[in-house]
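**Q** Take these sequences, add in the hints, and give me the full structure.
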Amino acid sequence: MDSLTRLASRVRACLSSARLDRDFDQELESHLQMVEEDHVRRGMTPDDARRAARLELGGLPQLREAHRDVRGLPLVEQFLADLRYGLRGIRGSPGFGAVAILTLAIGIGANSAMFSVVYGVLLQPLGYPDPDRLVFVARGESQNAQQWLSLPRVEATRKSIRSLTDLGAYLARRNEDVTFSGRGEPEVLRGARVSANFLEILGVRPKRGRSFLSTEDAPGGPPVAMISAALWKRRFGAAVSIDGQMATLDSVPHAIIGVLPEGFRFPFPDVDVWLTQPSQTPSLAPQYRACCVALFGFGRLKPGVSLEQARAELDVLSAQYEAARPKALDRGPLRVAPYKDELTTDVSQMLWMLLAAVGFVLLIACANVATLLMARATSRERELAVRTALGAPRGRLVRQLLTESLVLSAAGGALGLLVASITVGLFTGSWIFDLPRADEVHLSGIVLAFTTAVSVAAGLVFGMLPALQIMRPGVVESLRQSGATSADGRGKSGRLRMNTRAALVAVQVALSVVLLVGAALMLKSLAQLAAVDTGFRSEGLLTMRIPLPAARYASPEKKAAVFESIAREVGAVPGIRAMAMARALPTTNTFGTNIQIVGQEIPAPGHLGTVLQSVTPGFFQGDPVTALRPS
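In numbering that gives the first Met the number 0, the protein residues as written are 0 to 630.
Keep in mind that the hints were calculated from the coordinates and are not lab data.
Treat the hints with care, since some could be wrong.
[Stated by the list, open to error] Straight-line alpha carbon distances no greater than 30 Å define the calculated DSS-like cross-link-like pairs of lysine-lysine that follow:
#	residue 1	residue 2
1	557	523
2	523	326
3	301	558
4	326	206
[Unchecked claim] Listed next, with one range per pair, are the computed distances between beta-carbon atoms:
#	residue 1	residue 2	range
5	139	325	17 to 23 Å
6	154	344	23 to 29 Å
7	199	348	29 to 35 Å
8	555	206	26 to 32 Å
9	570	154	20 to 26 Å
10	307	344	39 to 45 Å
11	303	236	26 to 32 Å
12	567	139	42 to 48 Å
Where is the CB? At the ideal position from N, CA and C, for every residue including glycine.
**A** Spelled out as structure tokens, the structure:
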């Protein structure tokens, strides 16, 4: 209790140091007058009495310093004094301060931005309960050899698996188009087909309504759907109750049974509609759905079950499945992996390499600032020598120089956060990087802590070399040297400085060469990829995707009639030279009914949309078309 009282008293003394200094000066002056008067009474002259009194009391500055040490927190007060001195030094040399702060801002900002991406994509746990127990199940020995599962294999594995709480499945296609109509203007939405137990496996509860029932996942089950919170607000007005809410999806009325939470991104990003019966995709004829629909599995490990135990059990189940179905198309061992690793495997190596690259950038920035500080310390060498000759401890001077370095790094770190916020937005919004968890990348508290740690470490790194200069012996002797001799760098200390600067320059050059070589190789790779001959010309080419609901266009004859009408009407538009239809666009994974239009003078997409809407009365009112876009 006494220690806490003394600590509180010292803190109060630090907060009111100016008033306590005035009180102590008044008390000291009063005591000095009393001693003077005593000497005058003994027969001394006033001048001699004052001189004797000062000699008797000792040095007044030393008394003031001793009093401050006793009453307050010396380290805190010295740090605040060094901080004020460092700020005055930067204000007195604005050019030096601006260059150093901007250099550090680039290095620290790049590292903060890259770390925020690495943390959000690779390190941050998935937003589900016990995310480490979520696993991905597919065929193949590795992620690169990943293969789909059939519905019979999913069902056989689900019945026998004991290491998982349950096994779910979802349609492997990422671009399942779902036409939404019946409530205002029709719209094409991104859909996902999942097993009814997907929310139970993930441990997520709907924001409103309920999840799917097992009866709704069986063939012939009632048409139901769950929707995203964004769609619920946009098309349903965020109604409190979802009872009785209906929507026409692919020309079939569906009951909306649930609304998923904000930011829900399973199994793919930007999904607005979730449907059951993942094997009942309209893109495949019904007779092929049982054997050929591409599914991926996922599940949750039971408590106490390791990943190795699950792999061993799946090996046994795979052997049993192959023995029972020797002609199955999806034969082969099953692979189980943490679900987060499955999401990030394609980008993890690239992100770690980029983080290492920006780490080199920060090292180069620290070397640059260290060189600037060493040059500045050379001009202040005589100042530091005078302070040392007057009795300033070397440790005190080192702390001051390090504090000045920390001031620079703190300013660079603050500006670096602004650079990081801009860079993160550019990185996650770029089409070049297809990040699997881009919506989870932001400047969080973890990133702020990382930036603070990097700023402090950078300040200590580039501030250590100038501070070590004053730790060498013979600093006082430099006071006797002429300014010219000191500036020329002659003598042992000058050679030491020159060697240190040469080492810094060598480090900068070496790191810069590594980065330049890596950047040149990357640019060369991008240039080679851009120059690859795709086998067709994309100039004057427009593409469009038309989803055809199976409920309205089940027969090949109906589809053929629509396609013939489109070909006839679009081909007659002036400026169009040719058009074609394909299941998938070349060099892309865009499946569906895709139309490619080639022309010398392609008309505006709005005009083409008007032409297409006149092909078949009522067709485009109920079955929307995606916007035309240049290839």
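**Q** That 39 to 45 Å hint for residue 307 and residue 344 (C-beta), does it hold up?
**A** With a Cβ separation near 19 Å, residue 307 and residue 344 fall outside 39 to 45 Å, so the hint is violated.
**Q** Regarding the pair residue 523 and residue 326, is the alpha-carbon distance no greater than 30 Å?
**A** violated, 47 Å
**Q** Determine whether the Cβ-Cβ distance between residue 199 and residue 348 falls within the hinted range of 29 to 35 Å.
**A** This hint holds: roughly 34 Å between Cβ atoms.
**Q** Does the structure keep residue 301 and residue 558 at a Cα separation of 30 Å or less?
**A** At roughly 48 Å apart (the allowed maximum being 30 Å), residue 558 and residue 301 break the hint.
**Q** Hey, residue 326 versus residue 206, does the alpha-carbon distance stay inside 30 Å?
**A** violated, 44 Å
**Q** Is 20 to 26 Å right for how far apart the beta carbons of residue 570 and residue 154 are?
**A** violated, 47 Å
**Q** Against the range 26 to 32 Å, how does the distance between the Cβ atoms of residue 303 and residue 236 compare: consistent or not?
**A** Since the Cβ atoms of residue 303 and residue 236 sit about 47 Å apart, the hinted range of 26 to 32 Å is violated.
**Q** Is the distance from the Cβ of residue 139 to the Cβ of residue 325 consistent with 17 to 23 Å?
**A** The hinted range 17 to 23 Å holds for residue 139 and residue 325, with Cβ atoms some 20 Å apart.
**Q** Just to be careful, I want the Cα atoms of residue 557 and residue 523 compared with a cutoff of 30 Å; is the pair within it?
**A** violated, 49 Å
**Q** If you check the beta carbons of residue 567 and residue 139, does the distance land in 42 to 48 Å?
**A** Hint holds: Cβ distance 45 Å, inside 42 to 48 Å.
**Q** Confirm or reject the claim that residue 555 and residue 206 have a C-beta distance inside 26 to 32 Å.
**A** violated, 41 Å
**Q** Using the beta carbons of residue 154 and residue 344, state whether their distance is inside 23 to 29 Å or not.
**A** holds, 27 Å
The structure does not agree with the numbered hints 1, 2, 3, 4, 8, 9, 10, 11 stated previously, though it agrees with the rest.
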